[in-house]
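Visitor: Go ahead and model the full structure; you've got the sequences and the hints to work with.
Below are the chains, spelled out letter by letter.
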Amino acid sequence: MSAPLNGNLVFNVAGKEYVGLDLYRSRGGYSALQRVLQQSPEASIEELKQSGLRGRGGAAFPTAKKIEMVRDNAETDRYVICNADEGEPGTFKDRYIMTHLTFQLLEGITISAYLAGASKGILYVRHEYWEPQNVLRAAIQEATEAGLLGDNILGSGFSLHLEIFSGAGSYLCGEETALLSSIEGRKGRPRLKPPYPTQQGLWDKPTLINNVETLSNIPMILKNGVEWYRSLGTSDSHGTKLISLSGDIQKRGLVEVPFGITFREIIETYGGGAKPGRSIKAVNIGGASGVLVPPEMLDTPLEYGACAKAGITIGSGAVFVLDDTRSILDNVHNRTRFFLHESCGKCTPCREGLRQTHAIIHKLMDGSATPQDVDRLERYTDAMQHASFCGLGTAAGNSLSSSLHYYRDEYLDHCAKENESSDREEIA
Amino acid sequence: MSTAEVYEIVHRLGLEKAPLLQVLLAVQEASPHKYISEEAVNEIARLQKVSRCRVYSTASFYSEISLKPRGFHLIRVCSNAPCENAGRGEIQKAVQEELGISIGETTQDGIFSLESVNCLGACYKSPAIKIDHEVYGDLTPEGAVAIIRRMREVFKNERTA
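Which chain is which? The protein sequence lines are E and A, in order.
Mapping to the working numbering: the first sequence position 413 is 413, numbers consecutive.
Mapping to the working numbering: the second sequence position 133 is 133, numbers consecutive.
These aren't lab readings, by the way, just hints derived from the structure by calculation.
Quick caveat: nothing in here was measured; it's all calculated off a predicted structure.
The reader is advised that the hints may include incorrect statements.
Computed far set for chain E versus chain A, every beta-carbon distance over 12 Å [claimed, not checked]:
#, residue
1, A14
2, G15
3, S26
4, T91
5, A146
6, R191
7, K205
8, D236
9, G247
10, E265
11, T269
12, A308
13, T348
14, S368
15, A387
16, T394
Taking lysine-lysine pairs in the DSS-like style, the calculated list, with each CA pair at most 30 Å apart, reads [what the hints assert, rightly or not]:
#, chain 1, residue 1, chain 2, residue 2
17, E, K251, A, K125
18, E, K363, A, K49
19, E, K120, A, K125
20, E, K346, A, K125
21, E, K275, E, K65
22, A, K125, E, K205
23, E, K193, A, K17
24, A, K130, E, K251
25, E, K275, A, K34
26, E, K120, A, K17
27, E, K251, E, K205
28, E, K363, E, K346
29, A, K93, A, K68
30, A, K49, E, K205
31, A, K17, E, K346
32, E, K16, A, K125
33, E, K346, E, K205
34, E, K16, E, K275
35, A, K125, E, K275
36, E, K275, A, K68
37, A, K68, E, K16
38, E, K309, E, K65
39, E, K346, A, K68
40, E, K275, E, K49
All C-beta atoms, glycine included, are put in the ideal place defined by N, C-alpha and C.
Guide: Quick look at the structure:
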């Protein structure tokens, strides 16, 4: 299939320009909000339902359904939260939206709040994103002065008060219930679901939580129409996906692709393929919590159904390429170190599972492991996948499991080696 | 940081009813050594009407918040796979040699603290480090050292001026 190269689809990522309020409005920005305020919320929700928009944060939950769940709640004191705690290693799409397409995001938040019947909104932005926080703060101010936020938006009687809440360096706070605990002043630890945030969220009120990319899709769908949106992508997955390309490729950066394109096309066409004289050894799709797959898998189309079948997690849309000079174990070691640091310690499978798997990978790397250790690694991985309390432990297990599945030989190779000197330094 | 200073910051920024984490971040940011002292914990607990235990629990959970004094400038080395593969090791080694400290330590002159951080979302320009609020990407070991030397120079000039 011929994909428009980083064309202006839902996101103008090729432009690399800051779309300020005037520029955004001159391109039809806020016309969707205007229309939404004039028609029944049910009609707008129906349009979103028809568009097939699903959450882009990783879980791919139908967006319209989530809005309805909050809307249908008897409690009218409701919150809308934009999850901008983008911490998935290898991902930088939300950063771009916040710093360049700021008003598209704000319009999306405003529309979703109106449809969910929420008048209080919070943008939870990770602490590492200082610049995005500043850009957002200024944009909220500007939108408020223009009557697009705050009291009585565009004279409709609908009000939305939006605040920025800064994270403090916890990956886990991207998990929606941990995010809620974090706002409430506690440790960012996950809560048991159900009740889901749509039922009992922030301060036990119904809360609509969506990812930055998801929310930014909303105004474009309502402005350009469901037909337009459905013409992008495939019958299984409508629209587009932002892909953060990094690693051993010619061109790193953010690209927007229609669903249906294969991972090989993404890497070859947009990323320019492997570096001269090198070949691709493995590709990490979906960030640290995503899978590690061999090049043979790259013909899988980027599509929810096809990816689920192939065992690929699209996740945040991070595509990180490892070439033939890289060691799989180095990559896995880096990931277990990451998860070990970010695990909140609440549940045993994740807390102890990560400690043990990290230790075994250490043993493998210094050549003191046996094939029995690899079996043990597999057992612990399995336990983490099935028994962890929240998605962090499950994802850590999934990512280990995929590397064990495809690169078991490399693990076993490390067992065979005699104690060779290791000059790898430890990360504190 | 004294109790009175914490009280003053909280009131000046209108954080009397702000969520605990935002108060902790604001007080730390205003603290000359970028940390939450024991006095600060006590005063924040009193102002928020929560136990000191709660304040410690929250403060100790987050990587961003420190319970021990840090240097004037905080250098964070991104340590995730995209930066690792792009040369995190060499960058960190050069920075450590320049500063004479390891991850988690502060220079004797109190100018720099060195920490590692998980993904800065700057993988399109890895290897990356963050100094205070600024991200520096596409770094070489020499480039990283040059940035640090420049900051040290500026710091010393400002102190003697």
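Visitor: I'd like to know which numbered hints this structure contradicts. Please list them from smallest to largest.
Guide: Checked against the structure, the hints that fail are numbers 4, 9, 18, 19, 20, 21, 22, 25, 27, 36, 37, 40, while the rest are satisfied.
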